[in-house]
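Under the numbering used here, the very last position in the sequence shown is 121; numbers go up by exactly one each time.
No lab work stands behind these hints: they were computed from the structure. Glycine residues also receive a C-beta, built at the ideal position from the N, C-alpha and C atoms.
Simulated DEER-style distance windows between Cβ atoms:
1. Ala95 - Pro29: 39 to 45 Å
2. Gln31 - Ser101: 44 to 50 Å
3. Asp56 - Val77: 18 to 24 Å
4. Gln31 - Met83: 24 to 30 Å
5. Gln92 - Asp54: 25 to 31 Å
6. Thr28 - Val55: 25 to 31 Å
7. Asp81 - Ala38: 25 to 31 Å
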Amino acid sequence: MGAAAAAITIACGTDFYEIPIETPIQAKLDVSAFQRVLLAGFVAGGTDDVDANQETVRLLRSQLRTKSSLKVIDADIMPLIEIAQEQRKAANNDESSATHTNGNGTSNGSSNGNGS
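Please build the complete structure, drawing on both the sequences and the hints.
Quick look at the structure:
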């Protein structure tokens, strides 16, 4: 039985053909009220060889130009991951400075428990 299955497999060959099927993606947002779109960037990982932020913006701009009626605004791609990291550092610095100024266990500026 196994020999017959092997013979059929060999007779049919092992070649295969990939047939791409493109299915339209259903819209998630109603953008009919808009005429233009701005893709600022994406927070995405990447490597030194590939900038995922830039490549994602390029791909989406291309797709929007060819498959939508929206006018794609050409603007510099923002380095959103760097902006997010800077904002996180600033927030951490604000929190640590607030902890140091009120770190004596008091609230509202009173230095002892009787309010004087």
